[in-house]
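Engineer: Residue numbers (our numbering), protein chains in the order written: chain U, 1 to 243; chain W, 1 to 243.
The set of hints was computed from the structure by calculation and includes no laboratory data.
It is possible that some hints are incorrect.
Intra- or inter-copy, both count: the list cannot distinguish identical chains.
[What the hints assert, rightly or not] Here are the simulated DSS-like cross-link-like pairs (lysine-lysine), alpha carbons at most 27 Å apart as the crow flies:
1) LYS89 x LYS101
2) LYS242 x LYS61
3) LYS228 x LYS107
4) LYS4 x LYS242
5) LYS217 x LYS62
6) LYS240 x LYS2
7) LYS203 x LYS101
8) LYS107 x LYS217
9) LYS2 x LYS88
10) LYS4 x LYS240
11) LYS2 x LYS94
12) LYS117 x LYS242
13) LYS4 x LYS177
14) LYS228 x LYS62
15) LYS181 x LYS61
16) LYS61 x LYS177
17) LYS177 x LYS64
18) LYS203 x LYS228
19) LYS61 x LYS117
20) LYS177 x LYS240
21) LYS177 x LYS54
22) LYS117 x LYS217
There are 2 protein chains.
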Amino acid sequence: MKVKEVANLVGISVRTLHHYDEIGLLIPEETTVAGYRVYSENNLETLQQILFFKELGFPLKKIKEIIDSPSFDRLEALEMQHNMLLEKKGRLDKMIGTIEKTIQHSKGEIQMSNQEKFEGFDFSHNPYEQEAREKWGDQAVDEANEKAKNMASFDQKKFNGIFHNLATLRHLTPDSKETQKRINEWYQFLNKMGNYYSFEAFKGLGQMYVGDERFTKNIDQFGEGLAKFMCDAMALYADKNKI
Amino acid sequence: MKVKEVANLVGISVRTLHHYDEIGLLIPEETTVAGYRVYSENNLETLQQILFFKELGFPLKKIKEIIDSPSFDRLEALEMQHNMLLEKKGRLDKMIGTIEKTIQHSKGEIQMSNQEKFEGFDFSHNPYEQEAREKWGDQAVDEANEKAKNMASFDQKKFNGIFHNLATLRHLTPDSKETQKRINEWYQFLNKMGNYYSFEAFKGLGQMYVGDERFTKNIDQFGEGLAKFMCDAMALYADKNKI
DNA sequence: TATAAAGTATCCCGTTACGTGAGAGTCAAT
DNA sequence: ATTGACTCTCACGTAACGGGATACTTTATA
């Protein structure tokens, strides 16, 4: 496929493809003797990845880093992107709610706080970049730890609650209904906090709980052996929920 | 409210507020003797408008034009934005569907055409800018006509179908159930085609059908008096559906 | 009340992700 | 053989801020 064909298919400009070639983000697998770019099936798949990341607000540089990374796994990325898109949808729903309220408000039908007027916008320190580094960066452990520390006090309480609850369930099997419900809560919680784990990554996180003593020590404060218990439960949870 | 307070409330940077001031997009209603920017309630409402438009991909220049326009009506804008956000949500849903399919595909579970791989992305010639000019620009009539001409043949057929159907209903009252159903179809169709009309604007469009002979002539080709009939029906439809 | 810390101002250069020609070569069809 | 649709490579333009430098205000604290 030549440039225009690709551009039309995916709804981007030819210049964009040129640009992606220039910066080495998407180099066509072949070029004719005349210097025409020819894109392969493979190139198209990469382009799809790129566009997903772009939709999620990643800068091109970061996208290049990610897909060039030796540890890059397509399936894993897709699952994470899936989570992030759902999150984005949530934001959009909030905005739609906000605009509906505003319409009522502007007709004088209801009251609205300033807070409410901007719900759904708070995109602030976008969590995606963070997540990317955690996933594919180098100092994953440190940053993950840091994040746990930096939680707001409200969430800190919920955080404690989950761990406390899990601690009381240690005597059950990791696949018991109660346990899995709590693990699900934990997964949701992490997502809410801006940590978009794919199920595979979530499983990996559990393994870090026993593999890295900094985690183990923190977690076992809630109860001896909790880290190991969670690791098992999280693995089960992940395998069960993989798409 | 001073800069930081506003910035924190809505989740943007102070620099952004400076920038909006520089380009005259959002000028604080007051400044202290020391030159500090002080934002009013009114300013906040404008900011909300700006952010909605921004979320929808409007360039700041266009946003300025729009909200500076003498014919700008806040409520109308909100309704249009509401439509556009719903449309955007539709796109997002498509993307989520696409990514779910891709996950299956990458596991070898299903087949996928190239078309399918990029569904939801096709943002192409974004219709918003067009709509903005139609709504607040000058040569509204010409461009609207142009658009009707340029429809793809598939849609042309549907287009014809709607008008044809409506023509056969001329003898009924404009508020009859059958008629309103067709008018709704027409409204949906226009939305699908990238013409995001607020209900108020939709009503206005109907009035153009009788007010501008270029429209009247085209429409009455389907049946004498159809333009007038549609005008009435559209007004009823709009009033009934206003939020 | 002095002094530090936090917030704000302007100025100005940098960056990202392309847009937009200009000028020239290539390819398929009439 | 020529036209028209595609393609290429420069190369400059732009939109929407980011971020540092430097200086002034305001608030908190000792």
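Engineer: Next step is simple, just say for each hint if it's right about the structure.
Structural biologist: Status of each hint after checking the structure:
In this assembly of identical chains, the alpha carbons of LYS89 and LYS101 lie at most 27 Å apart whether taken from the same copy (18 Å) or from different copies (18 Å). With identical chains, the CA atoms of LYS242 and LYS61 are never at most 27 Å apart, being 29 Å at best within one copy and 45 Å at best between copies. For the homomeric pair LYS228 and LYS107, neither the shortest alpha-carbon distance inside one copy (57 Å) nor that between copies (30 Å) is at most 27 Å. Neither within a single protomer nor between protomers do LYS4 and LYS242 lie at most 27 Å apart by alpha-carbon distance, with minima of 37 Å and 43 Å respectively.
With identical chains, the CA atoms of LYS217 and LYS62 are never at most 27 Å apart, being 33 Å at best within one copy and 56 Å at best between copies. Proximity of LYS240 to LYS2 under the C-alpha cut-off of 27 Å is found in neither arrangement, the shortest distances being 42 Å within a copy and 50 Å between copies. In this assembly of identical chains, the alpha carbons of LYS203 and LYS101 lie at most 27 Å apart only when taken from different copies (23 Å versus 40 Å within one copy). For the identical chains of this complex, LYS107 and LYS217 are neighbours neither inside a copy (57 Å) nor across copies (38 Å), given an alpha-carbon limit of 27 Å.
In this assembly of identical chains, LYS2 and LYS88 lie within 27 Å of each other by CA distance neither inside one copy nor across copies; the values are 33 Å within and 29 Å between. For the identical chains of this complex, LYS4 and LYS240 are neighbours neither inside a copy (43 Å) nor across copies (46 Å), given an alpha-carbon limit of 27 Å. Taking identical chains as interchangeable, the C-alpha atoms of LYS2 and LYS94 lie at most 27 Å apart only when they sit on different chains, with a minimum of 26 Å there against 41 Å within one chain. With identical chains, the CA atoms of LYS117 and LYS242 are at most 27 Å apart between copies only, with a shortest distance of 21 Å across copies and 37 Å within one.
Taking identical chains as interchangeable, the C-alpha atoms of LYS4 and LYS177 are never at most 27 Å apart, the minima being 54 Å within one chain and 47 Å between chains. Taking the closest pair of Cα atoms, LYS228 and LYS62 never come within 27 Å of each other, the shortest separation being 34 Å inside a single copy and 57 Å across copies. Taking the shortest Cα distances, LYS181 and LYS61 never come within 27 Å of each other, neither inside one copy (39 Å) nor across copies (50 Å). Within a single copy, LYS61 and LYS177 get their C-alpha atoms no closer than 43 Å, and across copies no closer than 56 Å, so neither meets the 27 Å cut-off.
Neither within a single protomer nor between protomers do LYS177 and LYS64 lie at most 27 Å apart by alpha-carbon distance, with minima of 41 Å and 56 Å respectively. For the identical chains of this complex, LYS203 and LYS228 are intra-copy neighbours only, at 12 Å inside a copy versus 65 Å across copies, given an alpha-carbon limit of 27 Å. Taking CA atoms no more than 27 Å apart as the test, LYS61 paired with LYS117 passes between copies only; the shortest distance there is 23 Å, against 34 Å inside one copy. In this assembly of identical chains, the alpha carbons of LYS177 and LYS240 lie at most 27 Å apart only when taken from the same copy (12 Å versus 50 Å across copies).
In this homomeric assembly, LYS177 and LYS54 never come within 27 Å of each other (Cα to Cα): the closest approach is 38 Å inside a single copy and 45 Å across copies. For a Cα distance limit of 27 Å, the shortest separation of LYS117 from LYS217 qualifies neither inside one copy, at 43 Å, nor across copies, at 45 Å.
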